[in-house]
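Starting from the given sequences, assemble the full structure and let the hints guide the process.
All residue numbers in the sequence shown are consecutive under our numbering, ending with 92.
Keep in mind the hints are simulated off the structure, nothing from the lab. Treat the hints with care, as some may be off.
[What the hints assert, rightly or not] Estimated spans, in silico, between C-beta atoms of each pair:
#1 K75 / Q16: 25 to 35 angstroms
#2 K44 / L88: 10 to 20 angstroms
#3 N73 / K47: 17 to 27 angstroms
[As the list claims (entries may be wrong)] Once the Cα atoms are required to be at most 16 angstroms apart in a straight line, the calculated EDC-like pairs of lysine to aspartate or glutamate come out as:
#4 K58 / D7
#5 K22 / E89
#6 K75 / E64
#7 K52 / D7
#8 K50 / D33
#9 K22 / E65
#10 K49 / D33
#11 K49 / E65
#12 K54 / D7
#13 K41 / E86
#14 K13 / E86
#15 K50 / D31
#16 K67 / D19
#17 K58 / E28
#18 K49 / E28
#19 K50 / E28
#20 K52 / E86
#21 K41 / D19
#22 K44 / D19
#23 K74 / E28
#24 K22 / E86
#25 K54 / D31
#26 K75 / E65
#27 K44 / E28
#28 K52 / E28
#29 K47 / E28
#30 K74 / D46
#31 K75 / D5
#32 K52 / D31
#33 K74 / E64
#34 K52 / D5
#35 K75 / D46
#36 K50 / D19
#37 K58 / D33
#38 K67 / E28
#39 K52 / D33
#40 K54 / D5
In this text, a Cβ means the ideal position worked out from N, Cα and C, and glycines have one as well.
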Amino acid sequence: MKVSDIDIGQVVKSIQGRDKGKFFIVIERIDNDYLLLVDGKIRKMDKPKKKKVKHLVKLNMQSEEVKDRVLNNKKMNNAFIRRELERLEVNV
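Okay, here's the thing in structure tokens:
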């Protein structure tokens, strides 16, 4: 999988590392190999997780609201991220 396959607001699942099995929302693409991820609990907006794309599985879910807020530099907090993951019925 390439970073170009994953869009901002995409829900992903970690398949490697100590956060294996956890779900995150993509908030930024750093380069061709790395993304910044948040879940609103352990990885909060002020300290997102930098993770390699090859250690992630892309799910068929995307939060358009998160994408809109990131692209328009609107404010987001951790509670909003948690609610979006719950709304998308992801077990966090």
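Results for each hint:
{"no.": "1", "hint": "K75 / Q16: 25 to 35 angstroms", "result": "holds (32 angstroms)"}
{"no.": "2", "hint": "K44 / L88: 10 to 20 angstroms", "result": "holds (18 angstroms)"}
{"no.": "3", "hint": "N73 / K47: 17 to 27 angstroms", "result": "holds (19 angstroms)"}
{"no.": "4", "hint": "K58 / D7", "result": "holds (10 angstroms)"}
{"no.": "5", "hint": "K22 / E89", "result": "holds (13 angstroms)"}
{"no.": "6", "hint": "K75 / E64", "result": "holds (15 angstroms)"}
{"no.": "7", "hint": "K52 / D7", "result": "holds (14 angstroms)"}
{"no.": "8", "hint": "K50 / D33", "result": "holds (10 angstroms)"}
{"no.": "9", "hint": "K22 / E65", "result": "violated (21 angstroms)"}
{"no.": "10", "hint": "K49 / D33", "result": "holds (13 angstroms)"}
{"no.": "11", "hint": "K49 / E65", "result": "violated (20 angstroms)"}
{"no.": "12", "hint": "K54 / D7", "result": "holds (15 angstroms)"}
{"no.": "13", "hint": "K41 / E86", "result": "holds (12 angstroms)"}
{"no.": "14", "hint": "K13 / E86", "result": "holds (14 angstroms)"}
{"no.": "15", "hint": "K50 / D31", "result": "holds (11 angstroms)"}
{"no.": "16", "hint": "K67 / D19", "result": "violated (23 angstroms)"}
{"no.": "17", "hint": "K58 / E28", "result": "holds (15 angstroms)"}
{"no.": "18", "hint": "K49 / E28", "result": "holds (10 angstroms)"}
{"no.": "19", "hint": "K50 / E28", "result": "holds (9 angstroms)"}
{"no.": "20", "hint": "K52 / E86", "result": "violated (24 angstroms)"}
{"no.": "21", "hint": "K41 / D19", "result": "holds (12 angstroms)"}
{"no.": "22", "hint": "K44 / D19", "result": "holds (14 angstroms)"}
{"no.": "23", "hint": "K74 / E28", "result": "holds (14 angstroms)"}
{"no.": "24", "hint": "K22 / E86", "result": "holds (13 angstroms)"}
{"no.": "25", "hint": "K54 / D31", "result": "holds (13 angstroms)"}
{"no.": "26", "hint": "K75 / E65", "result": "holds (11 angstroms)"}
{"no.": "27", "hint": "K44 / E28", "result": "holds (14 angstroms)"}
{"no.": "28", "hint": "K52 / E28", "result": "holds (12 angstroms)"}
{"no.": "29", "hint": "K47 / E28", "result": "holds (12 angstroms)"}
{"no.": "30", "hint": "K74 / D46", "result": "holds (15 angstroms)"}
{"no.": "31", "hint": "K75 / D5", "result": "violated (26 angstroms)"}
{"no.": "32", "hint": "K52 / D31", "result": "holds (10 angstroms)"}
{"no.": "33", "hint": "K74 / E64", "result": "holds (13 angstroms)"}
{"no.": "34", "hint": "K52 / D5", "result": "holds (13 angstroms)"}
{"no.": "35", "hint": "K75 / D46", "result": "holds (12 angstroms)"}
{"no.": "36", "hint": "K50 / D19", "result": "holds (12 angstroms)"}
{"no.": "37", "hint": "K58 / D33", "result": "holds (14 angstroms)"}
{"no.": "38", "hint": "K67 / E28", "result": "holds (10 angstroms)"}
{"no.": "39", "hint": "K52 / D33", "result": "holds (5 angstroms)"}
{"no.": "40", "hint": "K54 / D5", "result": "holds (12 angstroms)"}
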